Amino acid sequence: MDMNLKIVVLAKQVPDTRNVGKDAMKEDGTVNRGALPAIFNPDDLNALEMALEIKDRRKDVEVIVLTMGPGRAADIIREAIFRGADKGYLLTDRKFAGSDTLATSYALYKAVQKINPDLIICGLQAIDGDTAQVGPQIAEKLQFPQVTYVEKLNEADERQLVLTRRLERGIETVKVNLPALITVHASANPCRPKHAKRMLKYKHAHTLSELQDQNRDYTDLFKEHPYLRIEEWNAESVEADESYLGLSGSPTKVKGIESVVLTQKESKRFTDKDQDIDQLMKELLETRVIG
Amino acid sequence: MKNIFVYCEITEEHLIADVSLELLSKGKKLADELHVGLEAVLIGSDLKKAIEQLHYYGVSVIHYAENENLFPYRTLVHAKLVQTLFEQEQPEIALFGATSVGRDLAPRIASALRCGLTADCTSLQIGDHVDERKKETYKNLLYQIRPAFGGNIIATIINPETRPQMATVREGVMKHEPQPVKNTPELKKMNVGVLTSIEEVVTIIHRHIEPPKINLKSAQILIAGGYGMGSKENFAILYELADLLGAEVGGTRAAVDAGFCGHERQIGQTGITVRPKLYIACGISGAVQHRAGMDQSAKIISINTSAQAPINAIADYVVVGDVMKVIPQMIQSYKKQIR
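Line order of the protein sequences matches chains A and B.
No gaps in the numbering here: position 181 of the first sequence is 180 in numbering that gives the first Met the number 0, and each next residue is one more.
No gaps in the numbering here: position 179 of the second sequence is 178 in numbering that gives the first Met the number 0, and each next residue is one more.
If you are wondering where the hints come from, they were derived from the structure by calculation, not from laboratory data.
Nothing here was measured: the structure is a model prediction, and the numbers come from that model.
Beta carbons are placed, not taken as given, at the ideal position from N, Cα and C, and that holds for glycine.
Keep in mind that a hint or two might mislead.
Below, simulated DSS-like cross-link-like pairs (lysine-lysine); rule was C-alpha separation at most 30 Å, straight line [as the list claims (entries may be wrong)]:
#1 K272/A x K334/B
#2 K134/B x K94/A
#3 K264/A x K174/B
#4 K1/B x K134/B
#5 K216/B x K264/A
#6 K212/B x K47/B
#7 K264/A x K324/B
#8 K5/A x K79/B
#9 K1/B x K140/A
#10 K272/A x K298/B
#11 K27/B x K254/A
#12 K5/A x K200/A
#13 K79/B x K113/A
#14 K335/B x K281/A
#15 K86/A x K200/A
#16 K254/A x K134/B
#17 K267/A x K276/B
Sample of chain B residues with no beta-carbon within 12 Å of chain A, all distances over it, derived [said to hold, decoys possible]:
#18 N2
#19 K27
#20 L29
#21 D31
#22 D45
#23 K181
#24 E185
#25 L186
#26 K188
#27 V193
#28 E239
#29 R274
Using the sequences plus the hints, can you model the full thing?
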C-alpha cells in the first residue's frame, strides 16, 4: 500500500500592500502600487511552514507548491523550493485573466485534481484582496472537509490531523480526517529561511518559458538536471472548462470604480508649541468632547 | 422578487452576534426598498433567547434548526443546511458576517451554488445596471461596495445573473438599528434530514472562547496609532493618554502587522468600524481602508509630522508635529486644565 502523504501548498504572488509607509502613499491618500514589490503572500509562507513541519515529522511526505499567476510568479515557486518544498507547478494562462474568486478556485481545483493530494494547505487570505474565499471554494469543489484559521499543527499521520484554530475570541482544537483542505492563520509559525544548500542546488530551477525568454539552451539542462524544471500548466493541460474561467466564469462583475477623492474638511491647524496644544485641549474641554 | 436572507451567527451565550443584528438592520432597509421580506437563518442549540431577539428587526420568517450537535458552528453541517435552504427558497440577497464563521461558510455556499460573493463590503446599496454589450438592463441589483486594488479605488461589484447575491460585512460597518415596533416572525423548521448523508470527518476536541476584552465599538473616545508611531514601546504613551481620557486604544493595519498592537485593536476595512465622539489619529497617514473604518467619527484629531498626510483632509483638528512630543504635551495640558 502506498503510504506517501502528498501535500499541495497553494501560494500566491502579491504586491506588498503591508506597511505602506509614506513612500508608497500618493498625495491623495491612495497607494502607489508601482512602488510595491511582488512578494510571496505572507499567510502562504505560514502554510508552507506547516507543510514542512509535517515533512519534518515523517519521512514519506512530498510537498508540492502550486501557484496561479503570470510567468514571473515562478519566483515564489523557486523561493518555496529554497525553503524546503520538493517541487512546484505554475498554472498560467491568459484565459484566467479577470477571474473572481469563484473562477480562480475552479482553475486551481482542476490543477489540484491533477496532482491528487491527500492534503491541501493554503494561507487564510491574500493581502491584495483579503477575501479568504478561494480555499473554502476549492474544498467545496473537491468535496473535501475544510479547517480554516489554523494556527497550530498538533498531530499528523496519514489518516488524520489534529489542529488548533485561532478564532476572534479564543481557540478551537479539531481532528480532521484526510483528505482535507486547511487554511493557515498569520499567527502560525513563521516560515523557515531559505536553505543555502538548496539555493545552490536549485538556483537554476526555471520554467520552460523563462529559459526561452532568455534564449537559453534548455534541452540539455533539463535532460541532465530534470529537477530544475518548474512545470507549467495552462487551462488545457488541467482540462478546465473554458466557460468557467476568466471573466465569463466570474459571477461577480465590477460595475464601476471610483478614485477616492478627498474633500478637504475645514480644519483647525495647530503646531506642536505648548500654547497651541493648550488651546486645543481647552477647546476640547469647553465643547465637552473630552472631560 | 424573492426575499433577503441573513445568516445569524450564534455566540457562546446563545445569543445572536452583534454583526448579525447589524446585518438584519441593514437587510430590513434593503428589503423595504425592494418591497420584499427579510428572513433570518438560525442554526444552533438553545435558541429560545435568540428567537426572541429576532422580534425586533422586522423579520418575516425565521428558518431554524435546533439541535445540540448544531452548536458550536461546524462547516459541513451548517453549509449543508444553508445550501439546501437556499436551493429551496432561492433568496435574492444573502448576507453573512465577515467573521471566522461567515468567512468559512459563505464561500463554501457560493461555490456550491455557483454564485457571486463579495467580501468585506463597506456599503450596500440598491441600483440598476445596463450591460452595453448585451444590451440588457438589470433592475434593482445589490451594489456591493468595497475598497479594492490596494486602496487606490472604491469598487462597486454586482452579480447580474446569479442568485443569491452574496456579501460579507465586518462587525460595526452597518449601524445597529432595531425596529421600534415588535413583530412575531413565522417559524419554519429547516430540513435536518439532509444531515444524515454527512460523514463526521471533523470533530471538535476542545474549545476555549473568552468574553471580549476590549470593546472599541462602544468607546466614546478612541486613540489610534499608525505605522508612524515607530514601535510597540511608543504605543505606551497612547495607553497613558487613554487612561486619562477614559478612551480605548486602536491601531491601523500597518501598526498591527508591524506588531505595535494586537489585531483585536485593528480599525479599518478588515478590522472594526468605529463611530466615536472623538478619534485621535496618531502617526496615521490615512489609507482609504483605514478611513473606511473611522471617517464617521464625530470629531477627528490628526497628529502627524506631515502637514500633507491624507488623513488631515478629514480631520477637524490637525496638529503638525511629532506624536512622541505632542501626546505628552496633551497629557500635561489636560492635567493642568482639569485641576
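Structure-based check of each hint:
Under the criterion of a C-alpha separation no larger than 30 Å, the hint pairing K272/A with K334/B is consistent with the structure, at around 17 Å. At most 30 Å may separate the alpha-carbon atoms for a hinted pair to count; K134/B and K94/A meet this at roughly 24 Å. Proposed proximity of K264/A and K174/B is supported: the alpha carbons are some 24 Å apart, at most 30 Å. In summary, the hint linking K1/B to K134/B is supported, as the alpha carbons are separated by about 25 Å, within the 30 Å threshold.
About 24 Å separates the Cα atoms of K216/B and K264/A, which keeps this hinted pair within 30 Å; it holds. A threshold of 30 Å between alpha carbons decides the hint, and for K212/B with K47/B the separation of about 26 Å falls inside it, so the pair holds. This hinted pair checks out: K264/A and K324/B have alpha carbons roughly 25 Å apart, not beyond 30 Å. With a C-alpha separation of about 28 Å, the suggested pair K5/A and K79/B falls inside the 30 Å cut-off, and the hint holds.
A C-alpha spacing of about 27 Å is found between K1/B and K140/A, which places the hinted pair at or below 30 Å, so the restraint holds. Distance restraint check for K272/A and K298/B: the Cα-Cα separation of roughly 22 Å lies within the 30 Å cut-off, and the hinted pair is therefore satisfied. With a CA separation close to 24 Å, the supplied pair K27/B and K254/A stays within the 30 Å bound. Between K5/A and K200/A the alpha-carbon distance is near 23 Å, which keeps this suggested pair within the 30 Å criterion.
With a C-alpha separation of about 27 Å, the suggested pair K79/B and K113/A falls inside the 30 Å cut-off, and the hint holds. Pair hint K335/B plus K281/A holds up; C-alpha atoms about 10 Å apart against a cutoff of 30 Å. Straight-line distance between C-alpha atoms of K86/A and K200/A comes to about 13 Å, which keeps the hinted pair within the 30 Å bound. Taking the CA atoms of K254/A and K134/B, the gap is about 15 Å. The hint holds against a cut of 30 Å.
For the hint pairing K267/A with K276/B, the CA-to-CA distance comes to about 17 Å; that is within 30 Å, so the pair holds. Chain A leaves N2/B outside its interface by the beta-carbon criterion, the shortest separation being 20 Å against a cut-off of 12 Å. No Cβ of chain A approaches the Cβ of K27/B within 12 Å, the least distance being about 24 Å, so the stated non-interface status holds. No beta-carbon of chain A is positioned within 12 Å of the beta-carbon of L29/B; the least distance is around 17 Å.
Remark: the non-interface label on D31/B is consistent with the geometry, its nearest Cβ contact in chain A lying 23 Å away (cut-off 12 Å). Consistency note on D45/B: stated as away from chain A, and its beta-carbon is indeed over 12 Å from all of that chain's, at 19 Å minimum. Distance check on K181/B: its Cβ is at least 30 Å (rounded) from any Cβ of chain A, clearing the 12 Å threshold; non-interface status holds. With a closest Cβ-Cβ approach of about 31 Å to chain A, E185/B is found to remain outside the 12 Å limit, as its non-interface label requires.
Against chain A, the non-interface label of L186/B holds: every CB pair exceeds 12 Å, the least being about 29 Å. K188/B, annotated as away from the interface, keeps every beta carbon of chain A farther than 12 Å; the closest lies near 25 Å. In this structure V193/B is separated from chain A by more than 12 Å, as the shortest Cβ-Cβ distance comes to about 15 Å. Its beta-carbon lying about 15 Å from the closest one in chain A, E239/B satisfies the requirement of being farther than 12 Å from that chain.
Even its closest Cβ contact with chain A, about 14 Å, leaves R274/B beyond 12 Å, as expected for a residue assigned away from the interface.
Going through the hint list in order, the structure satisfies each hint without exception.
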